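Protein sequences, first through last, are from chains A and B. Count along the first sequence from 1, then add 6; that gives the number in the working numbering. Count along the second sequence from 1, then add 12; that gives the number in the working numbering.
If you're looking for bench data, these hints aren't it; they were derived computationally from the structure. As the structure is a prediction and not an experimental result, all values here were calculated from the model. There may be inaccurate statements among the hints.
Which chain A residues stay away from chain B? Per the calculated CB distances, all over 10 angstroms, these [to be verified]:
no., residue
1, Ala-38
2, Leu-175
3, Met-176
4, Phe-190
5, Thr-207
6, Val-328
7, Glu-345
8, Pro-348
9, Gly-350
10, Lys-353
11, Ile-364
So the derived list for chain B, only partly shown, Cβ under 7 angstroms to chain A, looks like this [what the hints assert, rightly or not]:
no., residue
12, Ser-105
13, Val-116
14, Asn-151
15, Ile-154
16, Leu-158
17, Tyr-160
18, Ile-162
19, Pro-164
20, Leu-165
21, Tyr-168
22, Leu-296
23, Leu-307
24, Ser-309
25, Glu-311
Note that the Cβ used here is the ideal one computed from N, Cα and C, for glycine as well.
Each chain, written out:
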Amino acid sequence: MAESTQINSRKRFPFKLQFEPRLDTPPGWFSAALQIGAVIAALILGGIIIAVVGANPFATYAHIAGASFGSIGVLSDTLVKATPILFTALACSIAFRMKLWNIGAEGQFIMGAFGASAVVLAPLLPATTSAWIFIPVMMLAGISFGAMWGFIPGILKARFKVNEIISSLMLNYIAISWMNFWVFGVWSEGGFQMSPKFPQTAWLPRLLDFGKSVPLFRGLTTHLGLLIGILVAIILWFVIYRSKWGYEIRLIGDNPTAANYAGINISKNVVMAMMLSGALAGLGGMSEITGVIHRLQTSPVAAGYGFTGIIVAWLAKLNPIVAIIVSVLFGALLLAGREIQPSGIPKMIQGIILVCLIASDFLLRYRVRIVRVGEEA
Amino acid sequence: MDPIIILQAGVTTGTVLLFATLGEIFAERSGVLNLGVEGMMLLGAMSGFSVAVKTGNPWLGLVVAMLVGGLISQIHAFISITLQADQVVSGLSLTFLGTGISLVFGEGLSKAGTISLLPAFSIPLLTQIPFLGQIFFTNQSILVYLGYLITPLAWYYINRTRPGLHLRAVGEYPSAADALGINVFLTRYLYVFVGGAFAGLGGATISLAISPGWFSELTTGGQGWIAVGLVIFAQWDPFRAMGGAYAFGALRRLILDIQGPTMIFGLANPFYYNSYLGFFLQMLPYAFTVIVLILGSREAMRKRIGSPAALGNPYIRGERGL
């Protein structure tokens with residue numbers, strides 16, 4: 007058993023902090039409270055830095071809240087921003103559950119968007135196709151391209167023990183170049199850095215499409231992708247926590263040696279988990295391109311959703327259902343962040359939140375005691 | 013498309029990767045995997061350039077960049093060594109943090125003005141060496157020469173000195189090192205700092221010498237991650253890191269140069285006539301990193317060379333195992 011670790015001890019001060027390993031699992035509310043505490047600490051730290059660079063942290067945070075939840079219109083925009091994050095967060099959750107560090111969700115998202123676009127732009131289907139055929143085929147294309155992009159680091163890890171962090175990250179850069187090639191070259195619309203707009207039948211339905219019958223929905227851009235994402239999250243929860251395969255990948259993540267002795271094929275599961283992870287991110291790319299952008303264009307697709315997904319997955323403790331709520335909060339941060347100066351603030355806050363979260367996990371494993379110096383055994 | 017110019021430029025741009033890779037070698041040799049290299053490099057590039065613009069002194073920028081890189085790395089050190097958190101996630105978060113902070117503090121820096129560059133010069137007699145003289149000793153930045161000096165020193169330090177022995181012991185078998193009276197925690201903190209300082213130096217090498225300026229995330233463009241990959245290829249050996257870094261530098265230059273001429277090998281150059289084919293060239297460094305990783309891990313399997321045995325594991329006193 008580990009001996010207690012001592013830090014922060016001062017010579018003259020009669021009390022000191024002592025850390026003892028917890029023998030019991032702390033209750034669920036403690037873990038949740040800790041997460042929230044970490045986020046609050048992160049916001050305070052972020053506020054200090056914002057103040058240092060000369061902006062007003064209170065105004066910044068108030069602006070973020072107002073610009074993302076202030077009215078039903080911006081709330082809808084927040085949900086639109088949350089949708090791609092939800093997909094990438096789900097993608098990361100399943101891979102991280104196996105301690106498989108897929109940080110290539112960004113590239114898999116891009117490839118999914120590319121695959122879905124190819125259906126319209128190649129074209130695999132004529133522009134007159136009905137939405138009932140268009141949407142499922144595009145979903146399938148997005149899923150396949152994402153899965154393919156996840157398969158590469160998966161098979162490299164299983165076959166050659168290539169570190170999946172680096173290989174999946176390198177594939178992000180390759181995916182961006184790949185998309186640029188099509189956007190700038192083959193599918194460029196009149197030399198502009200974007201493809202032609204998709205036909206309306208290749209758009210995911212949005213709330214505003216029902217504005218005629220439900221006046222409340224007028225002008226709201228929330229699209230079907232959100233519903234698909236929530237559905238996928240619920241299915242994924244059952245897969246992870248209630249299926250045999252979910253048990254296997256959790257076991258591999260917690261104790262690969264035990265999993266191996268239990269006869270679980272680790273290599274096969276690595277490849278499968280990476281493919282599923284890629285497929286989810288790819289579906290996210292499809293949802294974004296058919297629900298929001300309606301054309302292939304580099305900057306709105308490669309907007310860093312894959313990286314935000316990592317943080318959201320971690321904050322949600324890899325739980326798909328919790329990821330839905332956390333995605334909305336991060337959607338708000340990204341939405342409001344577009345108008346905030348300096349423009350790096352949302353990225354910085356995301357970084358600080360992740361750092362605080364990881365640091366706070368320590369308190370789940372250790373109990374803090376304030377003891378009199380010389381008193382401890 | 014002059015091969016000598018490509019190789020010469022390869023050594024120049026490869027120096028960035030060399031510094032970052034050497035730093036990561038030190039950190040990993042002590043048993044701490046730091047995936048925050050990209051973030052630390054960005055911070056180094058930003059702070060170095062910023063100080064150089066404000067004070068007009070690039071040397072001061074260089075020193076500040078190294079300090080900033082070293083200091084920010086201590087967040088990772090604290091989280092992974094003292095708080096015993098997962099090094100992968102902690103390192104990732106450091107990259108996010110470093111990127112974010114450098115974007116916030118680097119706001120408007122790209123238009124902040126110009127700086128006086130660190131000096132570049134030729135070494136009188138050595139330039140006369142045929143072929144090599146022109147590649148290595150003609151009109152190179154002082155930082156490139158620093159790379160020639162530091163690489164053998166790093167090798168000697170790690171493999172032939174007592175502190176180097178302690179460093180390796182802490183990375184291979186921390187409980188044995190602890191029993192011998194080596195302070196495992198302090199050693200790890202120290203080499204994570206060294207790694208951060210090197211990464212900061214690498215970043216500043218970009219912004220103060222090689223392609224001066226601040227271009228937000230594009231300043232490093234993933235070179236920090238390539239460096240993490242190179243460490244595996246280099247099998248934690250400084251000289252192999254040097255070879256790998258220069259090769260990658262040369263590749264970057266080749267990609268630029270190949271798009272210039274109208275004819276290539278007597279054929280019409282497709283990259284000249286279809287500029288967007290250049291995107292495939294841009295993939296090459298990243299694709300090469302993956303290939304290099306495959307080669308590196310195959311060779312390591314064949315020769316039975318492993319990573320430092322304790323790499324990635326927090327050291328907890330009194331616990332069984334490594």
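Taking the hints in turn, this is what the structure says about them:
1. Ala-38: Its Cβ never comes within 10 angstroms of chain B, the nearest being 19 angstroms, so this holds.
2. Leu-175: violated (5 angstroms)
3. Met-176: violated (4 angstroms)
4. Phe-190: violated (5 angstroms)
5. Thr-207: holds (29 angstroms)
6. Val-328: holds (17 angstroms)
7. Glu-345: Holds, since 14 angstroms exceeds 10 angstroms.
8. Pro-348: violated (3 angstroms)
9. Gly-350: violated (3 angstroms)
10. Lys-353: violated (4 angstroms)
11. Ile-364: Ile-364/A is in fact no farther than 10 angstroms from some Cβ atom of chain B, at 5 angstroms.
12. Ser-105: holds (4 angstroms)
13. Val-116: Because about 4 angstroms separates Val-116/B from the closest Cβ in chain A, which is inside the 7 angstroms limit, the hint holds.
14. Asn-151: violated (31 angstroms)
15. Ile-154: The hint is violated - Ile-154/B has no Cβ within 7 angstroms of chain A, the shortest such distance being about 30 angstroms.
16. Leu-158: violated (27 angstroms)
17. Tyr-160: With a minimum Cβ separation of about 27 angstroms from chain A (threshold 7 angstroms), the hint on Tyr-160/B is violated.
18. Ile-162: Not OK, violated: Ile-162/B not within 7 angstroms of chain A, min 24 angstroms.
19. Pro-164: violated (27 angstroms)
20. Leu-165: violated (27 angstroms)
21. Tyr-168: violated (28 angstroms)
22. Leu-296: violated (9 angstroms)
23. Leu-307: violated (9 angstroms)
24. Ser-309: holds (5 angstroms)
25. Glu-311: violated (11 angstroms)
Consistency note: the structure conflicts with the earlier hints numbered 2, 3, 4, 8, 9, 10, 11, 14, 15, 16, 17, 18, 19, 20, 21, 22, 23, 25.
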